[in-house]
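From first to last, the protein sequence lines stand for chains A, B and C.
Just so you know, the first sequence maps onto residues -10 to 261 in my numbering.
Just so you know, the second sequence maps onto residues 647 to 941 in my numbering.
Just so you know, the third sequence maps onto residues 8 to 363 in my numbering.
Just so you know, the hints here were simulated from the structure itself, not pulled from any lab data.
We put the beta carbon where it would ideally sit given N, CA and C, even for glycine.
Treat the hints with care, as some may be off.
Claimed, not checked - Straight-line C-alpha distance at most 27 angstroms; calculated DSS-like pairs for lysine-lysine:
#, chain 1, residue 1, chain 2, residue 2
1, B, K659, A, K91
2, A, K170, C, K115
3, C, K278, C, K240
4, A, K(-8), B, K835
5, A, K177, B, K748
6, B, K659, A, K177
7, A, K169, C, K138
8, C, K119, C, K138
Claimed, not checked - One side only, chain C facing chain B, incomplete, derived with CB under 8 angstroms:
#, residue
9, G57
10, K75
11, T76
Unchecked claim - Heads up, incomplete: computed chain B residues facing chain A, CB under 10 angstroms, no partners named:
#, residue
12, N653
13, N656
14, K659
15, L664
16, L669
17, V673
18, F674
19, L679
20, I737
21, F770
22, R771
23, Y772
24, I869
25, A895
26, T927
Spelled out, the chains give:
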Amino acid sequence: MKKIVTLLSLLFLTLLGIITVFPFIYMILGGLMTYREATSIPPTVIPDSFQWVNYLTVFEKAPFIQYFINTLFVSLVTTLATVLTSLFAAFALATLEFRYKKVVMVGLISLLMIPYESIIFTNYNTIARLGLLNSYTALILPFLTSIFYIYYLTNYLKSISRSFYQAAKIDGASDMEYIKKILIPMSKPALVTVGILTFISSWNSFLWPLLVTNDKKFRLLNNGLSAFTSESGSDVHLQLAAATLTILPIVLIYFIFRKEIIRGVAKNGIKG
Amino acid sequence: MGKKNYNSENQLKAWYFLLPALLAIFVFNIYPLFRAFFMSFQKGTLINPRFAGVENYQRLLSDPVFFRALKNTAFYSFTVVPIALILSLAIAWVIFEKVKYKSFFEAIFFMPYITSTIAIGIVFRYFFNGSYGLINYLLEFFGLPRVNWLDSVSMSMPTLILFGIWTSLAFNIIILLAGFRNIEKEHYKIAKMFGANEWEIFVKITLPQLLPTLTFLLTVNLIGAFKIYTQVYALFGGQAGIAKSAMTAVFYIYDKFHVAGRPGLAMAATLVLFLLILSITFFQQLILKKVGRKG
Amino acid sequence: MIEVIGLQKTFDNGFEALKQVDFTIEKGELVCLLGPSGCGKSTMLNLIAGLLQPTDGDIRFKGESVIKTEPKDRNIGFVFQNYALYPHMTVLENIMFPLLVGDNKKKKGDAKAIAEKYMELTNIKELQNKKPGTLSGGQQQRVAITRALVQEPEVLLLDEPLSNLDARLRLKIREEIRRLVKEVGITTIFVTHDQEEALSISDKIILLEDGKIQQEDDPQNLYLEPENLFVAKFIGNPIINFLPIEVVDDGIKHASFDLPLTHFIEKRFKKSITNGKYYLGMRPEDILPSDSGPLKGKIQSVELIGRERILHFELAGERVKSIVGVENEITEGTTVTFDLAYHKVFLFSFDGERIY
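Let the sequences and hints guide you as you build the complete structure.
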């Protein structure tokens, strides 16, 4: 009986595994087909020959390089800013003593409950008023920090014994020296996790850039992809190639850092 | 020895470290909230607002499209979340109990979480295509009728739900696997000594220990499902389904704000949505507490 | 060197950790803050270090108040109970760290030379390239002390330095600590709950309980002349025997024995004694088997601990211990007569005050 259960469950798992991975495989394969192959009935699984030219066509039809550079720049800046601001804030909350600390903590936790979608439109308003639409600033500004990561890092730092800070203070280190030489090296795993997850989330962002940019010069990869899709109508093979382009960098990062990424999400239920 | 004004228990320099973050939070998290509330009582354009009292709310509550949006959103949420959770639990269980190379499967099942929804949407559009899509081909292959997944008013929501389930599995599985790992092995050893079989172990030991994890997932997933937007956009190429048949709450808000140019109405809808999410979460916590007590 | 004046510390939750503490420590002294958990000794150490802020009172180093001074400017070294060695740095880097940060940064070369000098002093030179995680408890402790000394502070503070070590190591290392600080000549304050440790190496012990100083004295005196019942009970292993007795006219009455007051030495009375209830305190070594004596009991068990025996017996239901040499072959079940060393026993009033 147990063997049957095991067999069935493994079958179940394999089936669902295929269902999960297949779209990615097909994305890559479909992006290498000709239009006819991509829309053939019955569907083609493996193209006759790999149409690398599709990628060239995609780059010709839409400035994907520009999109890529924009996304890289915005994601890097956002990640750096978020990691730093969250780290400093978490340092203050976890290590220093000051009045009203509890007020700040409680305030932050209650703010966590506000759905991003409710403030996104008013932020658009703010950015518009400042005349910052269609700029890198607009894409970066609202995301200079993350309340969630402040909360996450504060908890993480709290688990690092206070005596390290006290020892450093007695040794004569200033706060910045402590942060640079002791805190950051000791919290590397958490910082790596926060950094990578912020980067991925920034890379995949969609709604906000949709609101504040429509100039191709500042468009991000995800939005560029969706614009390309609507513009290219029925060129499915090109769309799939463009989609592959979009997810490729992240998939690469994922395969290199998947342990850190999975561990970071699993430990704290971080939702990007 | 330098005499300064040092107090180990009230270190004012803490505020310097908090300043950058607090500033950003105030401008982009706190202020917008109040502004949204304020704006919901205004009409006109962004540049030219006029006070409108509760007119926006009245308009909202008499708009059939809004109700359809809410209905769809609720239908989506209450279907996708439980199904995805149960499926994820099954998958996580198999990975944890029956498989040797756990991290391999974990890595595979996590992929949908890190990839852009838009990109995945393109593939799914491709799969679900009425004429050349793989899914219809497979259905025909097994002797089943073809389905008009993407262009039929009645099929929009089901297709969206399938897509939603597929994208929801990844996060759930990872969190559940972590939950499984946290259960102390001693519990299993003792149960096996008493001769319990797998199903009994699962129901009597695993499930109760996973309850906090499941609660957490239920809450997070529900909240996320109610805010669904990108999946709709991705699956239906920017539309809310054919003839707006897959209109959801955030889609409605976006529409009113950016397309129809009626920010006040959008803000009112936002607030209604926010309150809805809040009450559902609250309600759900209550029910789960009762279940927890009984169990 | 260090003066603590009227120090009070009440925490936010209302807990009064220290209630009006005053003491002075001279330069070069090795002083122990001793007491049970919760007595306030660690709080006191943290206040001296500047890691906590006093609620009231003052702390002065060489006559100047330091309570508003940052720890790094107080010229102190601190050894934490968990050592707080920076795990990502080698031993050498850990020890050089204080010299490479702060206002008086040294050049790397100079810092290394100073670090090496101190590593020789504490005998850890061969560990310099290891990371703290690979070291044993005793080794980590030596690294922590070295790091505390490397800035050549005027005061060394140690928070329960030996409590994480096993018993054998504790005996060895406490001697090393004493030798080291005396060689360097640094004023040292250490906190412990282990009275034997305190008795063994301190010049002076400040015994705390419930936020107040119970007695401040040199170790020997603390043992021989406790000022109250708490001190008598805390110091000494095995713990002192104390029995409730009643003074009636010219004698001490207990359910199972009588002691005429004439056997007590006049000079030793701290106060005149009146009729009433008291505690009689007798250290195990002051109750000795004898041919004749006021106490009599049947031996219930005999503990053999190497070179001594502890005889357990009961007097009117109270357990009493007597310590004798191992050559004494009294066995279980024997009924023995005990005599008292009247010049060494103590009498305490019912609220703990020492009367005799």
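Against the structure, the hints:
no. : hint               : verdict
1   : K659(B) x K91(A)   : holds, 16 angstroms
2   : K170(A) x K115(C)  : holds, 15 angstroms
3   : K278(C) x K240(C)  : holds, 21 angstroms
4   : K(-8)(A) x K835(B) : holds, 20 angstroms
5   : K177(A) x K748(B)  : holds, 25 angstroms
6   : K659(B) x K177(A)  : holds, 24 angstroms
7   : K169(A) x K138(C)  : holds, 19 angstroms
8   : K119(C) x K138(C)  : holds, 17 angstroms
9   : G57                : holds, 6 angstroms
10  : K75                : holds, 5 angstroms
11  : T76                : holds, 6 angstroms
12  : N653               : holds, 9 angstroms
13  : N656               : holds, 5 angstroms
14  : K659               : holds, 7 angstroms
15  : L664               : holds, 5 angstroms
16  : L669               : holds, 9 angstroms
17  : V673               : holds, 7 angstroms
18  : F674               : holds, 4 angstroms
19  : L679               : holds, 6 angstroms
20  : I737               : holds, 6 angstroms
21  : F770               : holds, 7 angstroms
22  : R771               : holds, 8 angstroms
23  : Y772               : holds, 6 angstroms
24  : I869               : holds, 7 angstroms
25  : A895               : holds, 9 angstroms
26  : T927               : holds, 8 angstroms
Checked against the numbered hints given earlier, this structure breaks none of them.
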